[in-house]
Each structure stands twice: as structure tokens, then as C-alpha cells.
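From first to last, the protein sequence lines stand for chains A and B. Counting in my numbering, the first sequence runs from 91 upward without gaps. Counting in my numbering, the second sequence runs from 25 upward without gaps.
Keep in mind that the hints were calculated from the coordinates and are not lab data. Glycine included, every Cβ here is placed at the ideal spot set by N, Cα and C.
So the derived label-pair ranges between C-beta atoms look like this:
hint, chain 1, residue 1, chain 2, residue 2, range
1, B, Ala-399, A, Gly-238, 46 to 56 Å
2, B, Ala-399, A, Pro-198, 44 to 54 Å
3, B, Ile-235, A, Pro-198, 25 to 35 Å
4, B, Thr-86, A, Pro-198, 52 to 62 Å
5, A, Asn-193, B, Ser-253, 14 to 24 Å
Listed below are the residues making up each chain.
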Amino acid sequence: MVNIVAKNMDAHKQQAGKSQPFLVFDNVKKTYDQKNLVVKGFDMQVEEGEFITLLGPSGSGKTTVLMMLAGFESVTSGDIAIKGQSINRIAPYRRNIGMVFQNYALFPHMTVAENLAYPLSVRKVAKAEIDSRVVASLKLVELDGFGGRYPGQLSGGQRQRVALARSMIFEPTLILMDEPLGALDKKLREQMQYEISRLHEQLGVTVIYVTHDQSEALSMSNRIAVFNDGVVQQCAPPAELYERPSNAFVAEFIGENNFIDGHVQSISGDQAKVVTPGGETVVAMAGQGLTENSGCRVSVRPEKLFIHPTSHDHDNEVTAAFITRIYVGDFIRYYFRLANGSEIIVKVLNDLSAPEFSEGQDGSLMWLTSDCIAFPV
Amino acid sequence: MPEATSVTPDGLSREDARNAAREYRSRRWRAFLFVVPLLAFIGFSFVAPIASMLYRGVYNPTVASLVPETLEKLPSWQGEERPSDEILSIFALDLKRLANDRTSGQLAEEVNRALPGSSSVIKSSARKLRRVDDSELANNGAAILIDANAKWAEPEIWQALKKTGQVYTAGYYLTALDLENDPDGGIQRRETQIYVKLYGKTLRMALIITILTVILGYPLAYFMANSSSGTANLLMVFVLLPFWTSLLVRTTAWIALLQTNGVVNSTLLALGLTDAPLEMLYTQFSTIIAMTHILLPFMILPLYSVMRGIDPSYMRAAMSMGSPPIPAFLRIYLPMSLPGLSAGALLVFIISVGYYITPALVGGTDGQMISNIIAFHMQQSNNWELAAALGSLLLFLILALYWLYDRFVGAGNIKLG
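So here's chain A without its partners, still in its complex pose:
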């Protein structure tokens, strides 16, 4: 049934000609044990040159999607197509997809130059051309003169650059990256994020990037698909994902968030009136599926909260008891407790306006309606 539908869609896409998307996932499912689906109907369309990140906690199915795309795992049902052509039955070595692995997978018994030349020699490229492309590739990742070294003689960041260069040297239609920065320390990771973005922009190649690190995803991607439990929760550009999460999972997973339990009193337009446990009424943007007279969770980010007195605009106000504050450096984190016992965090810039509290003292927290969303429970 699914196959017939897929075939029909294929035919349809081929008729559509140029307007078809570059890469299409059509209701892709995957099971390993014939019982549970690891990927439950994944749909996505990717335009050429996009930088797409698959983000999610471990075990959410994002790596499985990548492996199916690369051809190392079979597709249980559904279809993956590149330029309108299904690749389900194409062997991985014929897909022309470059891949960067978490452990880099640089061949330890070959020099850097030999590693880079490998995909070209497999393609029977002439020796002289291989040499010139290897040199150009090393230059691209700023490793001129490192061709004669073995991977074991390079630092982690250098290995990462070689792995990047190797995945790009044979001009693949698509580059997949499976948590490529997972093994690097924080400083190097930021540097490599910049490097990957630079190469992506310079070469205009399509990249599918898998990570569980949201800051990596937010800073590099055109679009992010947030995975949970085999399902894409939301697929959107970073800013939209952060500002307008479509459900509570995304709101919680992306960035830091406070959740205030409440009860929906009424909904008018896209705004909902919510009663908090402390009896206060706040107005929040209504999330999808929110109904009147039911429980809800209002999410508001710590940096959108302000402590009274404040000069910032605000529509909502709740009272909470001060617990403690933690000095982080560029800002200070304040911990408050609501009437129902749940904690709430406020990030305040470390300037002279940072207020002083004593433990147990009540404070007023304020924010804008447009900065908070009420999700159904």
C-alpha cells in the first residue's frame, strides 16, 4: 500500500520536473526488532544548499535517519529520494554521499594525503588531478603541508578538518555529519562550528547534520528538525524554534525554559487567560491544541523574566519566594519558588540593577504575553 503510494508520488514528482525538492523523505519508517518503530513516519523536504540539523536526545532516531540516508541501514517502509530518484535500493557506495563520523574514521595506516586521495582513486581519477585536488583540499581546511602526516600525528581539531576535507573532496551531492564535534573540547568545538559554516557557505553544498548539542544546531543550521521518540516534533529555522516552539517538548529541549502549571480560564483569539496555582491570572499565547477549562503549562524563558522593580514592559506578574542566586559571570541566575512548589529561574544581566534578596523574601516576576506560550498538558 505504502509502496504504491510512494511510486505514485515518485511519478508525480518526476512530472513536476525542476520544481521538486532536492532531497525528500516520504513517510520513512524503521524498525530493528520487527516490533517497535525507531523512526515513525519521517517526512522532510530539503532544498539544495541547505544546512539541516537533526537534533534530539540519544535514542530519538536521528542517527537512524542519517544511516538510512547513507545506505548503512535499510528503510523498513517509505521512500528517500534525491533529485526525484529513489535511493532506497542503491548501494551505499553508489550514492555519492560524503560522510563525517564522530570518531572521524580517518584510516590510520594512510597519510593525510592518502586519506584524501582515497575517494578519488576509487573513482579512478588521474594521478595528477588527484594530487592537485588533494593540495587544494588541504588548503581549503588550512592544513597545507600536513599531507605527509599520519592521522595519529594530528590533534583532534586537525583530524576533524581532514575528515571534513575528505568528505568533500569527491564533490558529493550531499554531506552527512554524525555528531562530528562530539569528541572535541568546548573551545575547539566553537572554532570548528565556525569552520563548518564557512565551508558550507563557500562550497554551497547540502549538509545534513546530526547532533544532540542544541547550541551547535542553533548556531549553524538553516533549519532544525527536533526529534523525539522517533517523531519530528518541529522542523523550523533556529529563531522560530527558539521563539515559537510548537509544543512543550521543543520548548523544554531547546534552550532553558520555566514551566508554570495552570488552568485555562478562557481563550480569545490566539491568547489564553490562565490561572496560576497562586491564584494570579496571566495571559499567554495559546499553544496548539489548547482547550478551555483544562490544565496547561505556561513556558517562559529565564531571560524574558524581570524582577520588580523594572523599567521593561510587562503584561503578566506573579509572586514567588526567593531561594538563592548563583553568580555565573556575565549574568546572575535567581532561583524562586512558586506557590505550588515548582522552581522558576530568572537570568539577570550582571549590572548594577541586579537586586538583592534575603531567603524566603517574596518578589514579583514580570514578563510580556508575547514571550510566553501556554501548552496543553
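Starting from the known structure of chain A, fit chain B onto it as the hints suggest.
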């Protein structure tokens, strides 16, 4: 500034340097103490026997201690014809003393190895000389000796005596290489070629066994390394099972399987595949098959532990770059598993070159290896010197092979885990 002399440019005073050196020394000393028992054990049970074996291959004092007086005079003899009467007389005295000490048999045995047939000459002459008076022997020893056996008038037996009388001799090594000294002092091939052929056969068999263990072990190790740890552990038990059963039991099991009326033959006969039982036991075939079985774990264990460390992403990387599975395996996986493969092959090869018990039990005459001949010379023919020479050559052979291996593959590539 008096301090300037006692402080080095690095700011370390002489006192500091002395303290550091003392601590370094005491740490070294403590580390040494940890290995003293092992060193003593190895020295006692390994280094000393090998050294004595190497020495025994060239050192043979038996004849020299039996007839010292004669051998003192023999160097003046040219070796063309029989020695002078004086030498014969002195030997007659020596021989009489040996006859009375009942040690003439030792001399007979030693000389007989150099010149077959001389054993009876020496023994019969010794019996006749036993009752002759010393003074008569001193005056007329030559005539009495020749009278006792006419062979004493010919130079051959004296040449043999002179040859075996050398305390240090390369003779056993030459024998072990199927060579001998010709009368002119040069080296020539012996008429019967035994040992070189046997070395060749031993190496060939060891090579076949090594290749068979690679063929059988590599795919299994690969499968184990790439399966779940539960499956891998179960298979590992089967691999190790032979280790837990006695070597003798395993070898006897092969006898039961391969003998004329054994399991294999009766199965083949029952299936009508053969008309008469196949001759499988006591052949090279049975030696090779039994040793392959016994040595297989030595191949699988290093292979498995090396393969376990090869991340599957290497093969995936190669395939994502456009290489089909088999070229990717040959170009990427095989070189990466080479350390385990070399370790396993080297282990199996070296163990099988010197293997004794299995060829002795299932090999018959056809499946004998060099170690069986060494054992034969130690236990039956009582020629320890030749056994030592054969053993030392085996040791040198293995060292030479190791050197070749290091030259072309690199010993640094060996990895057991």
C-alpha cells in the same frame, strides 16, 4: 658569590640534584625487585638450558677425557697412513686402562658415529688387551694392537679417533645440515640427506597449518568482532573450549576419528563414498589437521581482540566514499587487522615449527617433524650433541624468520589486544 658554583643554570642546587638522583635510583631498585623472582626463574629454566644446549652442540669432551695421552700425540700425525708405533703403543695403554675401567664401550660408541663399524674393532681389541702386561705394551704396543685387529693398521679408524677427539667441533652442526668434513678439511654434502629435508618439511607443514588457521580463523574472528557481545561471548567459549581440554585428549580424539576403522572412515563407507577405508591416520594429513585444530585459538584470539578495536565506521567511511565492499575490505579493513593477523600467524607458525606431541602421536613416519627427530636423538640414539645442534639450528631458523618478518612487516605491527 659562592652560591653561583653550586647552582646549575636551571636553578637546581647540587643538593637538589643529589636528592632527585637518589630517589630515581631507589625507584629503579624497587622496580627491579619486583621482577627478580621472574628473572631468576627465567634464567634458571630458560636461559641456562638454551645456553647449555648451544654449548653442547659444539662441545664434546667424552673422547678427549677417555684417551687424553693418545690425543696429545695425534696432532703430530699427518693422517696419510697409520700413525707411528709410538702413538699406537700409547693408545694400547690407554685402551687397556679403559678396558679395565669398563669405559671402552663409551669410546666405541663415540668413534662408531664417525666411522660405522669401528665399535666392534674397539670393543674386541679392548678385551684382548685387558690381560697384557703394561711394560710389554709400552715396548711392543703397536704390534700387539695390530695383532688384536688388523683395522688398527689402516688410517681410517685413526682419522675417526682424531676427529671425535676434538673437544670443540662443528661436526654436529654439519651433520645437522647434512654436511660433513672431507679428508682435505673442506666441507661436502653427505650421501644421505635427512635433516635439511626434514627442516624443509617442517617449515612447509607449519606454513600449511598457519594458512589453514588463517582461512578458518579470520572469518570467525570477523564475525565475532561484529556481532553482539552475547553472541561473541558464546562463540568465544567455543573457541576457548579446546584450551580447557587436555592436549592429549584432543589428539587422541583425532586418532579415534581418523583411524582405519574410525568414525570418519565408517561414515564414508556407510555413505558409499569409498569402497575401502582411507589411510588417514599416521600421515602428514592427520598431523596437519590435528595441529590446525589445536592451534586455531592462537590465531583467533589476537585476531579477535584487534578486530574488536576496529570501529565499523571505517568500513562505512570507505563505502561512503565510493568503494565497493570487497575493495574497501582489502584496502582498509585488512591492513587495519594486520597486527592481529601477524601476531596470530607468527604464534601459530612458531609453535607449530617446534611442535612435538601431536606429530609423535598421529604423524607416523610420514608426519614426523624436526622436533621428533630431536627427541629421537635424545632418547633413543643417545646422541645429545646432535640433538643440541638440531635444536639450536631450529632456534636460529626461527630467529631468522622473525628477523625477515621484522624486515618486511615490522615487529611493531604485532598486537595481541
